[in-house]
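Model the full structure from these sequences, guided by the hints.
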Amino acid sequence: MLNRDTWGNEAVSQIISGNFIFWMSLNTEYDDTSEGWKVCSFYNMDSIPAVLVIDPITGQKICSWCGMINPQPLGEVFASYVYHCILVAN
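Here the numbering used here is used: the first residue of the sequence shown is 2, the next is one more, and so on.
Note that these hints are calculated values from the structure, not bench results. Owing to the predicted nature of the structure, the values given are computational and were not obtained by experimental measurement. Where hints are given, some of them may not hold.
[To be verified] Just the calculated beta-carbon pair ranges, DEER-fashion: (1) S35 / D6: 27 to 33 Å; (2) N4 / V89: 15 to 21 Å; (3) D47 / G19: 27 to 33 Å; (4) E36 / Q73: 16 to 22 Å; (5) T59 / E11: 28 to 34 Å; (6) I87 / W38: 29 to 35 Å; (7) E77 / I49: 18 to 24 Å; (8) N45 / Q15: 26 to 32 Å; (9) E11 / I87: 17 to 23 Å; (10) D47 / Q15: 19 to 25 Å; (11) N4 / E77: 14 to 20 Å; (12) N4 / I87: 25 to 31 Å.
Beta carbons are placed, not taken as given, at the ideal position from N, Cα and C, and that holds for glycine.
Structure follows, in structure tokens:
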């Protein structure tokens, strides 16, 4: 599975574009970006690739995944999180 399989999925893409900020950093031996390593260090990420859902107010890590992720379960978790946030707001 490749990045494009997860992030190119229409349902995942729609949920992210309407409710989240998508940020990707390439942390490899060939493309070392300090911002990506800072995030990994701050949130104690053991491996990459990783996906994090971070509370925009507190900065707390709500949930995270390491490794490649199938789009269906990821979309379901994102949709559940958005639904929960809507319930809490109302």
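Do the hints match the structure? See the list:
1. S35 / D6: 27 to 33 Å: Taking Cβ atoms as reference, S35 and D6 lie about 28 Å apart, which means the hint holds.
2. N4 / V89: 15 to 21 Å: At 31 Å between Cβs, range violated.
3. D47 / G19: 27 to 33 Å: This hint holds: roughly 30 Å between Cβ atoms.
4. E36 / Q73: 16 to 22 Å: violated, 29 Å
5. T59 / E11: 28 to 34 Å: holds, 31 Å
6. I87 / W38: 29 to 35 Å: Holds, since I87 and W38 (Cβ atoms, about 34 Å apart) stay within the stated range.
7. E77 / I49: 18 to 24 Å: Holds, at about 23 Å.
8. N45 / Q15: 26 to 32 Å: At roughly 30 Å between Cβ atoms, Q15 and N45 fall inside 26 to 32 Å, so the hint holds.
9. E11 / I87: 17 to 23 Å: Holds, at about 21 Å.
10. D47 / Q15: 19 to 25 Å: violated, 30 Å
11. N4 / E77: 14 to 20 Å: holds, 19 Å
12. N4 / I87: 25 to 31 Å: About 28 Å separates the Cβ atoms of N4 and I87, which means 25 to 31 Å holds.
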